[in-house]
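Under the working numbering, think of the first position of the sequence shown as 399, with each following residue one higher.
Hints listed in this document are in silico derivations from the structure and should not be mistaken for laboratory results. Note that the Cβ used here is the ideal one computed from N, Cα and C, for glycine as well. One thing to keep in mind: the hints can contain errors.
Just the calculated beta-carbon pair ranges, DEER-fashion [claimed, not checked]:
1) Gly-571 / Ser-696: 19 to 29 Å
2) Met-448 / Leu-649: 22 to 32 Å
3) Gly-571 / Leu-649: 33 to 43 Å
4) Arg-663 / Ser-611: 26 to 36 Å
5) Glu-536 / Gly-578: 35 to 45 Å
6) Ala-703 / Glu-536: 21 to 31 Å
7) Leu-632 / Ala-693: 17 to 27 Å
8) Gln-446 / Glu-642: 19 to 29 Å
9) Ser-445 / Thr-472: 28 to 38 Å
10) Arg-666 / Thr-472: 20 to 30 Å
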Amino acid sequence: MQVRPGLGVGGVGAYCIVGLGGVGSLLAYYVYRGTGDTPIAVVRRRSQAMRLQAGLRLYGVVDAYVPLEPYVGTPPRGCRLSFISVKAYDAAAAVEAAAEFSEMVAVAGNGWGGYEKALDLGVDAAAIVVESGVASLEPGLARVAGLGRLIVGSRGGVSGAAFESFEILRRGGAPALLAGDIEAWRWLKAAANSAINLVTTILGSRNGFVVESREAWRLASRAASEVGLVASMLGYSLPEDPVEYTRLVALQTYDNESSTLQDLRRCRRSEAPYIAGRVVEEASRLGVGAPTVEALYSLLQALFALKCGSMERLNPTTPN
Numbered sequence: 399m400q401v402r403p404g405l406g407v408g409g410v411g412a413y414c415i416v417g418l419g420g421v422g423s424l425l426a427y428y429v430y431r432g433t434g435d436t437p438i439a440v441v442r443r444r445s446q447a448m449r450l451q452a453g454l455r456l457y458g459v460v461d462a463y464v465p466l467e468p469y470v471g472t473p474p475r476g477c478r479l480s481f482i483s484v485k486a487y488d489a490a491a492a493v494e495a496a497a498e499f500s501e502m503v504a505v506a507g508n509g510w511g512g513y514e515k516a517l518d519l520g521v522d523a524a525a526i527v528v529e530s531g532v533a534s535l536e537p538g539l540a541r542v543a544g545l546g547r548l549i550v551g552s553r554g555g556v557s558g559a560a561f562e563s564f565e566i567l568r569r570g571g572a573p574a575l576l577a578g579d580i581e582a583w584r585w586l587k588a589a590a591n592s593a594i595n596l597v598t599t600i601l602g603s604r605n606g607f608v609v610e611s612r613e614a615w616r617l618a619s620r621a622a623s624e625v626g627l628v629a630s631m632l633g634y635s636l637p638e639d640p641v642e643y644t645r646l647v648a649l650q651t652y653d654n655e656s657s658t659l660q661d662l663r664r665c666r667r668s669e670a671p672y673i674a675g676r677v678v679e680e681a682s683r684l685g686v687g688a689p690t691v692e693a694l695y696s697l698l699q700a701l702f703a704l705k706c707g708s709m710e711r712l713n714p715t716t717p718n
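All chains should be modelled from the sequences, with the hints used to inform the complete structure.
See below:
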């Protein structure tokens, strides 16, 4: 399947999206608006690539069409910048593959693993924290339930990948923020994710229910606070209060169903071990109490075992 690399704002080379799920669809929209180039969609299956030849349609808060140039595997020419937007358990492998054809990578998603792999490989890399609620319904169709900020940054100063990613997203109309300490933002997002995803998945509700229900909010706010404590013990000064941030994200994604809930309903592998599981592990290692997160995470594991009959879907091997 042929693709035509475009000319990006930073020089010659295509802008690629690796993984066209909900987050990847939103990034493709902003990249197309920010560069004027047709994004290359790097996918794993030929059937998916064939359907993406018709382009991408977003509806909901955003109503737009994005042309795509899909390709299976390695594009025929290098990408100047590849946005990696796969699930946390696939992120490290996706980064390793993209490093072979990309000058820079920007890892967008929840949890840890992908950005760390890029740093290990010595790739010019950025991490992106996404606050929006977007669901991929099928190849080429995504529903945008709520828009929030995209926080772009790196470790040890602003990398070239961070600056260029930020500029592309900003030009594309995204509410983008260039952060000096991306790790603090990643832990802040982990607080909201652990609170919202665990509570709403156990209850089978949309995200907004955590702020509608007094009882649900009591659990969510306690969980968020515990993650904030773990982050502080690790030496990170969170840029915003984790409880208020969790409320903000729940409101921004009010009508969205979390990816964890969708995974449970379809008995798909979950990112929870890379987020809540990481929090529980760090709390145990540091000797810090995180009883609410631990209890919610245990209930989630039990739900997956009950409904899906296999703990492997929830508990893949997680990175150190």
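Self-check item: Cβ distance range 26 to 36 Å for Arg-663 and Ser-611, holds or violated
Solution: At roughly 20 Å between Cβ atoms, Ser-611 and Arg-663 fall outside 26 to 36 Å, so the hint is violated.
Practice problem: Could you say whether the range 20 to 30 Å given as a hint is met by the Cβ separation of Arg-666 and Thr-472? | Solution: holds (26 Å)
Quiz prompt | Whether the CB-CB distance between Gln-446 and Glu-642 falls inside 19 to 29 Å | solution = Violated: the Cβ-Cβ distance is about 39 Å, outside 19 to 29 Å.
Quiz item: Taking the beta carbons of Met-448 and Leu-649, is their distance inside 22 to 32 Å?
Solution: Violated: the Cβ-Cβ distance is about 38 Å, outside 22 to 32 Å.
Quiz item: Does the hinted range 19 to 29 Å hold for Gly-571 and Ser-696 at CB?
Solution: violated (41 Å)
Self-check item: Status of the given 33 to 43 Å range, CB of Leu-649 versus CB of Gly-571
Solution: Violated, since Gly-571 and Leu-649 (Cβ atoms, about 21 Å apart) do not stay within the stated range.
Quiz item: Taking 21 to 31 Å as the hint, is the beta-carbon distance of Ala-703 and Glu-536 inside that range?
Solution: Holds - the Cβ-Cβ distance for Ala-703 and Glu-536, about 29 Å, lies within 21 to 31 Å.
Practice problem: Starting from the range 28 to 38 Å, see whether the pair Ser-445 and Thr-472 falls in it by beta-carbon distance. | Solution: violated (18 Å)
Quiz item: Lying within 17 to 27 Å: is that true of the beta-carbon distance Leu-632 to Ala-693?
Solution: holds (21 Å)
Quiz item: Taking the CB of Glu-536 and the CB of Gly-578, does the distance hold inside 35 to 45 Å?
Solution: Given a distance of about 39 Å, which is inside 35 to 45 Å, the answer is holds.
Taken one by one, the earlier hints fail for this structure at numbers 1, 2, 3, 4, 8 and 9, listed in ascending order.
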